[in-house]
Amino acid sequence: MVWFAIICEGVIELFVPDESFVAGLLAWLVGGWICLQIFHVDPIAEGILLAAGFVLLLAENVERTAREFRR
Amino acid sequence: MLELVTGAGWPPMAAAFLVSLIETLAALGFLLTAGAEHGRFQALIGACLAPLVFAVAIVAFGAAAWCIPRDLIQLILGTLLLFFGLRLLRQAVLWAGGVIGAEERATAYRHAMSRLRWHAREGTASVERIIVASIVTLVAPRAVAVAFIVIALGAAGGAFAPPAFGALAGFVAAGPLASALYWRPIRFTRMAIEFLGGAAVAAFGTFWCGLGIGAKWLGDDWTVLPLAGVFLGMAAMLVPLARSRVSGLV
Chain A
50 MVWFAIICEG VIELFVPDES FVAGLLAWLV GGWICLQIFH VDPIAEGILL
100 AAGFVLLLAE NVERTAREFR R
Chain B
8 MLELVTGAGW PPMAAAFLVS LIETLAALGF LLTAGAEHGR FQALIGACLA
58 PLVFAVAIVA FGAAAWCIPR DLIQLILGTL LLFFGLRLLR QAVLWAGGVI
108 GAEERATAYR HAMSRLRWHA REGTASVERI IVASIVTLVA PRAVAVAFIV
158 IALGAAGGAF APPAFGALAG FVAAGPLASA LYWRPIRFTR MAIEFLGGAA
208 VAAFGTFWCG LGIGAKWLGD DWTVLPLAGV FLGMAAMLVP LARSRVSGLV
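If you're matching them up, the sequences are chains A and B in order.
What the first sequence shows, in our numbering, is residues 50 to 120, in sequence order.
What the second sequence shows, in our numbering, is residues 8 to 257, in sequence order.
Derived from the structure by calculation, the hints contain no laboratory data.
Please note that a few of the clues may not be correct.
[Stated by the list, open to error] To give a feel for the contact side, a few chain B residues facing chain A, derived at Cβ under 7 Å:
#1 Phe-91
#2 Val-100
#3 Val-151
#4 Leu-232
#5 Gly-236
#6 Leu-239
#7 Ala-243
C-beta: ideal position from N, C-alpha, C; glycine also.
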């Protein structure tokens, strides 16, 4: 069943390019949920913060990957 | 048909079209390389088996989406769409910035081929069967990804026809596009398609993740467009940053 394992690995790689990146996205999402449900932050403001966080996480990951490539 | 294009169905249709185009072009690349290295017959068999994988994935994802409670579906599918879209966007930025090149993108092909060749030496399967299996294992994840995008955009958005039509159009357009852009422009065109597709899918993912956790968006469904614009704008700004990091100027 090697072929099945390779297909599964291929599918996972399409969603998880970098474990720390995905962990950061999930942490931001969970933090957003906590802010909404427990601290009752304004839902529209939370939506904007959510999107801003995802964009910044993308920027951080690209910058770190490029810097590590140079090394 | 006109309603698909002019109504609210066109954003998911466009997103599914772009993703289907990207993944079909990638699969075509693998098939052409495998055909050149190992023979057209094996590549043809691999190409014929890949749609079976697509059909199985559609049934599996559709059944899973049917079983997931309605209030969770947007959160789970939105999260997966977000990961997929940001992965595409990240890859496009790193490619455009010179961090990853054609060699790295070809590594997946060589890695899968070498693993299966090792098993051909150790086991009893014929080399031809192993080559066909190699081709299917490279093309199948792409088919699974497109199936997921169609089901996710359809289930979370409440209509399957627009993303299904978009995915089919992307699949059909990939062949003529690859033929027409055989020369240098194909690298730029593929990069542009990955930027647009990644931004669109990431925007949908962000939109539905937000709804899933209880956030609200100004402009309701049309918020996807400015979200995609923000992702695209940020990606465009990251390309020179990546280039400067690679060259060591900053």
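Hint by hint, here is what the structure shows:
| no. | hint | result |
| --- | --- | --- |
| 1 | Phe-91 | 6 Å, holds |
| 2 | Val-100 | 5 Å, holds |
| 3 | Val-151 | 5 Å, holds |
| 4 | Leu-232 | 13 Å, violated |
| 5 | Gly-236 | 11 Å, violated |
| 6 | Leu-239 | 11 Å, violated |
| 7 | Ala-243 | 12 Å, violated |
Of the numbered hints listed earlier, those contradicted by the structure are 4, 5, 6, 7.
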